[in-house]
Every structure is written in structure tokens, then in C-alpha cells.
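S.K.: All chains, please: the whole structure from these sequences, using the hints.
Going letter by letter, the sequence shown gives residues 1098 to 1221 in this note's numbering.
Across the chosen pairs, the derived CB separations fall in these ranges:
1) 1218 - 1159: 36 to 46 angstroms
2) 1210 - 1128: 17 to 27 angstroms
3) 1148 - 1110: 15 to 25 angstroms
4) 1156 - 1188: 15 to 25 angstroms
5) 1214 - 1120: 18 to 28 angstroms
6) 1152 - 1126: 24 to 34 angstroms
7) 1098 - 1204: 31 to 41 angstroms
8) 1217 - 1157: 38 to 48 angstroms
9) 1152 - 1221: 42 to 52 angstroms
Since the hints were derived computationally from the structure, they do not count as laboratory data.
Where is the CB? At the ideal position from N, CA and C, for every residue including glycine.
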Amino acid sequence: MLATLFQVAIGGAIGASLRYLTGVATIRAFGPGFPWGTLVVNILGSVAMGALVVILAQKSGTRFAPFLMTGLLGGFTTFSAFSLDTLTLFQRGEAGLAAAYVAGSVGLSLLGIAAGLSLARLAY
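M.R.: Put into C-alpha cells, the structure is as follows:
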């Protein structure tokens, strides 16, 4: 358990650092005003998550999943896990549940951030 936690922590540190560097690079390339960095990491992370699911399963490499998928990609973007969960539901034939998950995740996350902002503004 401790070894797995260490893998996740190291992967997360690397992923978060890569996310930061991607954000810096996109601001330099495209300028501020649109969240290009977030968009780029969400797309790249989703592509990487999809590829890793297949590669790790085919190569019996699931022992690397905590480092690569939870740690590295989790630190880079949690959107990749969201995308995988959504696609898995859809591929299982649960399109309605996948749509509800997308709507709920996006909608409730937006409500959550609005609530957090409101609560913090009331306190400060």
C-alpha cells in the first residue's frame, strides 16, 4: 500500500509540474484571455488515458497504473479520468447514464465552484 501511494505521489508531482509548464507554454504561444492550457491538458490527458488503458492491459502493465494513470495523469488533468468513466459507461450500452454523468459532473461542478466562491466571499 505504501509503495503504491509513493507511485501516485511521484506521478502526481510530475503531472502537476507538466500541467504548469503546459499552461506557461500556451500563454506564451496564444496569449491570455482563453484557458488554452486547461483545454490542452484536458485533451492530451484524455488521449493519454485512452492509450494507456489499452497499452497497460495488452502488455500486462497494470502495475504501472497507479503511477501513470492516477498519479501522472491525475496531476496533469483529472478530466482524463472523467472522460474514461464516461466512455466506459457509453461502451457498456448505458448512454443515458453516461449523459447523466456528464451533465451532473459539469453542472454540479459549476454549481460547486459558484457555491465555494459565494461562501468564501461571505467569509472574507
